[in-house]
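Colleague: Residues per chain are reported as follows:
There are 2 protein chains.
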Amino acid sequence: MRLKSFRPERIITMLVDGKNYQSIWLDKIDRGKVMVIDQKRLPFFFEIKELCSVEDIYSAIKDMTLRGAPLIGAAGAYGIYLATLEMNSLTNIPDHLANASRYITSCRPTAVNLSWAVKYVMDKLKGNFASPSLSEIALDAANEVCETEKENCRRIGNYGINLIEDISKDKKGEPVNILTHCNAGWLACIDYGTALSPVYFAHDKGIPVHVWIDETRPLNQGARLTTWELGNHGVPYTLITDNTGGFLMQKGKVDIVLVGSDRTTRKGDSANKIGTYLKALAALDNKIPFYVALPSTSIDFSLSDGIREIPVEERAPDEVTSVNGLVNGEIGAVRICPEGADAANWGFDITPARLITGLITEKGICRAEEKDIRNMFSNKFK
Amino acid sequence: MRLKSFRPERIITMLVDGKNYQSIWLDKIDRGKVMVIDQKRLPFFFEIKELCSVEDIYSAIKDMTLRGAPLIGAAGAYGIYLATLEMNSLTNIPDHLANASRYITSCRPTAVNLSWAVKYVMDKLKGNFASPSLSEIALDAANEVCETEKENCRRIGNYGINLIEDISKDKKGEPVNILTHCNAGWLACIDYGTALSPVYFAHDKGIPVHVWIDETRPLNQGARLTTWELGNHGVPYTLITDNTGGFLMQKGKVDIVLVGSDRTTRKGDSANKIGTYLKALAALDNKIPFYVALPSTSIDFSLSDGIREIPVEERAPDEVTSVNGLVNGEIGAVRICPEGADAANWGFDITPARLITGLITEKGICRAEEKDIRNMFSNKFK
Chain A
773 MRLKSFRPER IITMLVDGKN YQSIWLDKID RGKVMVIDQK RLPFFFEIKE
823 LCSVEDIYSA IKDMTLRGAP LIGAAGAYGI YLATLEMNSL TNIPDHLANA
873 SRYITSCRPT AVNLSWAVKY VMDKLKGNFA SPSLSEIALD AANEVCETEK
923 ENCRRIGNYG INLIEDISKD KKGEPVNILT HCNAGWLACI DYGTALSPVY
973 FAHDKGIPVH VWIDETRPLN QGARLTTWEL GNHGVPYTLI TDNTGGFLMQ
1023 KGKVDIVLVG SDRTTRKGDS ANKIGTYLKA LAALDNKIPF YVALPSTSID
1073 FSLSDGIREI PVEERAPDEV TSVNGLVNGE IGAVRICPEG ADAANWGFDI
1123 TPARLITGLI TEKGICRAEE KDIRNMFSNK FK
Chain B
773 MRLKSFRPER IITMLVDGKN YQSIWLDKID RGKVMVIDQK RLPFFFEIKE
823 LCSVEDIYSA IKDMTLRGAP LIGAAGAYGI YLATLEMNSL TNIPDHLANA
873 SRYITSCRPT AVNLSWAVKY VMDKLKGNFA SPSLSEIALD AANEVCETEK
923 ENCRRIGNYG INLIEDISKD KKGEPVNILT HCNAGWLACI DYGTALSPVY
973 FAHDKGIPVH VWIDETRPLN QGARLTTWEL GNHGVPYTLI TDNTGGFLMQ
1023 KGKVDIVLVG SDRTTRKGDS ANKIGTYLKA LAALDNKIPF YVALPSTSID
1073 FSLSDGIREI PVEERAPDEV TSVNGLVNGE IGAVRICPEG ADAANWGFDI
1123 TPARLITGLI TEKGICRAEE KDIRNMFSNK FK
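Chains as they are written, first to last, in the numbering used here: chain A, 773 to 1154; chain B, 773 to 1154.
Honestly, I wouldn't trust all of these hints.
For chains that are exact copies, the list does not tell them apart, and a pair is met inside one copy or across any two.
Stated by the list, open to error - Once the Cα atoms are required to be at most 25 Å apart in a straight line, the calculated DSS-like pairs of lysine-lysine come out as:
id : residue 1 : residue 2
1  : 800       : 1152
2  : 1039      : 1023
3  : 812       : 791
4  : 898       : 805
5  : 1059      : 1039
6  : 1059      : 1025
7  : 941       : 812
8  : 1059      : 944
9  : 800       : 896
10 : 891       : 977
11 : 1152      : 891
12 : 941       : 1025
13 : 821       : 943
Calculated directly from the structure, the hints in this document are not laboratory data.
Please build the complete structure, drawing on both the sequences and the hints.
Modeller: In structure tokens:
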């Protein structure tokens, strides 16, 4: 089996202790190891985890070792590649890969990138099941998914910086105050991020920015990951509870809201981490621009009405009844309610298009309206 | 010094392990001890704390051993009583009490009940500084504050139950789904509660109810206290994160929102625990009734514009950067973000009157409009 070398492009922005990282990559020596930063351990411990099987990929997505719509897409793509390594002469190849594909796709239902990326790789394999280069084709396709998403995120930053720069002109040197929810940074993607990509670009260009970070209960991706990302990069930030954004907007302390998306319909309704909808309402009420940054791989052109049609994942209640964090130098959990308390845990809510000022995509910024989305992505409409 | 006996009225609703409690009372034997349930230890440990000095009262309010607008008012009133016990023959009585009054009132700025209750007791003392019955007068006044607030809360329940009953008529035996934020139950008051009083009355009348409880970061009064209260009373509930209410409303899973108030202006703008405003926006967006339940002691008739005029407390950032809960059988904290992360912690936001369907008061239910509030409380307008 011949494998093209996978050479991570040098990246200028994503720093951990001054060293460049992506959130996923193939091991340079052992081509059967997909490497990821273990996001469950951040920000307390920076650890790299090896994923060597379809089951490893499934578990890592399921238990949030890796998360974020573009990243789980990339992981799903590598999952199909790993599936091609799990075959022997007796394997029914089409069945084996179809099963792996279904299994990985079933892992988390809301982000459409996962099924998109798995389908992307599977489409490349069709007609090549008998090829001795099957694994190579799969790896090339998975690498293409990564490179596509990286380039998408870079372009999102390139377009989005203009919004921040425009606001900055009226701020007389004061920082532009950006509010974000959850983590839509490079950890959630392969590189750059979606909502945070314009922030990194602005900061690197010398535009003063300050980010209000929602902690994002129950799993605290804001408190754990976005703080860590921005802190490593030197971007000023302030952590707040999920309850605080409305107050800040009432007090004129937010200039723009930037969030990511797990799935956006062709009409612009956007599923994102639960609580996003509440910030969109507050932004509208206070006349603050609210932008959703996303690659077109997060757009589900087959759906129209987000609230009715986007499946929303329900997760285990213990993520609500307890909180993870650092205690005595180790990661541990505290229970925050009476023993046996009933709790419920949905992962996403839907921000209706009418609350969204615009979508920041790899093709540019457009209104969250079917006509504009259709104009921008005419090739994706059927 | 002769002291009238303080006989807690038998209460039918507020149960802890089947026994009736109020959230504050004077010790029956030692009249220098104000007894409170230590709300910092709930729901993990049920402990009674003795407050024996002005300093004890101040600290207990400051560190949230007791909280809730009506309750901190009652505690402040008892604080003045305790101040009268901290005098000797050399004390300059007017100075001593004025200082105690200022000190206690300064403790937390947002809830107007505190300054109202302290002033209520101080007004009774004026002209009686030389009286040998000074302490008795102070105690009578503090008891009156408690009895007034209890009766207010009972009446709020009596009026508010009608809203729940009306909704129930269309539910065909399914429970009325009520969403609440923070804790506006009997723990926050002396008895019954404000937002929860109608819930208790409805439940006790056999109307099926189910309460969605926002956990209410940073101090988790919903997760710790409202769950505990409702659980003890047998009211069905489900704990959710603060991010979840909007999603539930989008999905038709909330019939009514009931919250308390720390300070409401004469035009109806209401300060309540931070995050309340976000739920009010979501309620309006989904055409769900949003009611603020409050005694008139929480109305500040001198204020008009809530966002501009109501002072909002800023608290220590470590309440945001860490979370308290039960770990290894003890109350402990986990840090949820990188060490040294910047964080900010405001306690309240303002729900503008335009988002409020109505106010549930001890005089009945009225619209959150100056004209209606003026009609209902004409004696309080100057």
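Colleague: For each hint, tell me whether it holds in the structure or not.
Modeller: Now for the hints, and whether the structure bears them out:
1. 800 - 1152: Classified as neither: same-chain Cα gap 35 Å, cross-chain 77 Å, threshold 25 Å.
2. 1039 - 1023: Classified as between: cross-chain Cα gap 19 Å, same-chain 32 Å, threshold 25 Å.
3. 812 - 791: Within. Shortest intra-copy distance 20 Å satisfies the 25 Å Cα cut-off; inter-copy 43 Å does not.
4. 898 - 805: Cα proximity of residue 898 and residue 805: one copy only (24 Å, versus 80 Å across).
5. 1059 - 1039: both (22 Å within a copy, 23 Å between copies)
6. 1059 - 1025: So residue 1059 and residue 1025 pass the 25 Å test inside one copy only (12 Å; across, 28 Å).
7. 941 - 812: Answer is neither: 39 Å inside a copy and 47 Å across each miss the 25 Å cutoff.
8. 1059 - 944: within (20 Å within a copy, 41 Å between copies)
9. 800 - 896: Within one copy only: 23 Å inside a chain, 81 Å across chains, cut-off 25 Å.
10. 891 - 977: The answer is neither: 37 Å in one copy and 56 Å across copies each exceed 25 Å.
11. 1152 - 891: Answer is within: at 15 Å inside a copy they meet the 25 Å cutoff, but 68 Å across does not.
12. 941 - 1025: Within one copy only: 16 Å inside, 44 Å across.
13. 821 - 943: Result: close neither inside a copy nor across copies, 43 Å intra and 51 Å inter.
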